[in-house]
Amino acid sequence: DAGVTQSPTHLIKTRGQQVTLRCSPKSGHDTVSWYQQALGQGPQFIFQYYEEEERQRGNFPDRFSGHQFPNYSSELNVNALLLGDSALYLCASSFGRMNTEAFFGQGTRLTVV
Amino acid sequence: GENVEQHPSTLSVQEGDSAVIKCTYSDSASNYFPWYKQELGKGPQLIIDIRSNVGEKKDQRIAVTLNKTAKHFSLHITETQPEDSAVYFCAASRAGGGADGLTFGKGTHLIIQP
Chain B
263 DAGVTQSPTH LIKTRGQQVT LRCSPKSGHD TVSWYQQALG QGPQFIFQYY EEEERQRGNF
323 PDRFSGHQFP NYSSELNVNA LLLGDSALYL CASSFGRMNT EAFFGQGTRL TVV
Chain W
79 GENVEQHPST LSVQEGDSAV IKCTYSDSAS NYFPWYKQEL GKGPQLIIDI RSNVGEKKDQ
139 RIAVTLNKTA KHFSLHITET QPEDSAVYFC AASRAGGGAD GLTFGKGTHL IIQP
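As you go down the protein sequences, you meet chains B and W in turn. Whatever position you read off the first sequence (first residue = 1), add 262 for the working numbering. Whatever position you read off the second sequence (first residue = 1), add 78 for the working numbering.
It cannot be assumed that every hint is accurate.
For lysine-lysine, the following DSSO-like pairs were computed, each having C-alpha atoms within a straight-line distance of at most 30 Å [to be verified]:
(1) K120(W) with K135(W)
(2) K146(W) with K115(W)
(3) K115(W) with K135(W)
(4) K135(W) with K275(B)
(5) K100(W) with K115(W)
(6) K184(W) with K146(W)
(7) K100(W) with K120(W)
(8) K115(W) with K275(B)
(9) K275(B) with K120(W)
Here are the in silico distance ranges between beta carbons for each label pair [to be verified]:
(10) V375(B) with E157(W): 39 to 49 Å
(11) G278(B) with S96(W): 45 to 55 Å
(12) G278(B) with G94(W): 48 to 58 Å
(13) Q92(W) with V375(B): 39 to 49 Å
(14) T267(B) with T88(W): 26 to 36 Å
Please keep in mind that the hints were generated in silico from the structure rather than gathered at the bench. None of the values given here were measured: they were computed from a predicted structure. Glycine included, C-beta positions come from ideal geometry on N, C-alpha and C.
Extracted from the complex, chain B is given alone in its bound form:
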């Protein structure tokens, strides 16, 4: 049973560019949440997608947007990249909009130069 998979694993972008990160949830899960983890910090909630809609959003600007597809996979888009967007981006999947038993992928390491 494949767990949560994310792509790519590493990415280097220039300030001002746009980036798209991808996530496939664990089999049987229908809810995808995205988190940003700065170096030496705990993950911070960006937003959650369920039934192809953004359901909840953390304290992140509109430059961060997302999408969920009918097969429950999800994308995270970040526009107008800033140096401070450099971080590990984590995708977590769960069932039924619940925060319980959320399983994380290995993350995408984004470096903005």
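Using the hints, position chain W against chain B.
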């Protein structure tokens, strides 16, 4: 919103000894408290969780306790082994739909000395 404080930031113990990591939370509506283990270069791995209607939960060498009144919860690892070395995160949330995701502590770097 929810705020989670975690202590200590670094914990070094001898192999075979016990390790305890403590967290406090601020939102009395939080009712789900997971613990994650993160190894270098990997995503967080769920190791144990507890809900607010339970005071203690055990899984082999790992246990979690919750004090709702004081708003704190702790992770206990007994008979520590080298493979327990990692960063551990506590988190708190409202379990049900509509919750604002998981709020994490800043992590504890657990070092198991041989």
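Structure-based check of all given hints:
1. Simply put, K120(W) and K135(W) have alpha-carbon atoms about 26 Å apart, close enough for the 30 Å limit, and the pair holds.
2. Of the pairs offered as hints, the one joining K146(W) and K115(W) holds, with about 23 Å between alpha carbons and a cut-off of 30 Å not exceeded.
3. Restraint check for K115(W) and K135(W): the C-alpha separation of about 17 Å stays at or below 30 Å, so the hint holds.
4. Taking the CA atoms of K135(W) and K275(B), the gap is about 44 Å. The hint is violated against a cut of 30 Å.
5. Only pairs whose Cα atoms come within 30 Å are accepted, and K100(W) paired with K115(W) is accepted, the gap being roughly 14 Å.
6. Restraint check for K184(W) and K146(W): satisfied, since their Cα atoms lie roughly 21 Å apart, inside the 30 Å limit.
7. Distance hint between K100(W) and K120(W) is fulfilled; the C-alpha atoms sit about 23 Å from each other, no more than 30 Å.
8. Restraint check: the Cα-Cα separation between K115(W) and K275(B) comes to about 29 Å, which is no more than 30 Å; the hinted pair holds.
9. With a CA separation close to 21 Å, the supplied pair K275(B) and K120(W) stays within the 30 Å bound.
10. Between V375(B) and E157(W) the Cβ separation comes to about 45 Å, which falls inside the hinted range of 39 to 49 Å.
11. Between G278(B) and S96(W) the C-beta distance comes to about 50 Å, which sits within the given range of 45 to 55 Å.
12. At about 53 Å, the CB distance of G278(B) to G94(W) agrees with the hint of 48 to 58 Å.
13. Distance hint check for Q92(W) and V375(B): the Cβ-Cβ separation is about 42 Å, which falls inside the suggested range of 39 to 49 Å.
14. Separation of T267(B) from T88(W) is about 32 Å and conforms to the stated range, judged on CB atoms against 26 to 36 Å.
In the structure shown, a violation is registered for the earlier hint numbered 4 alone.
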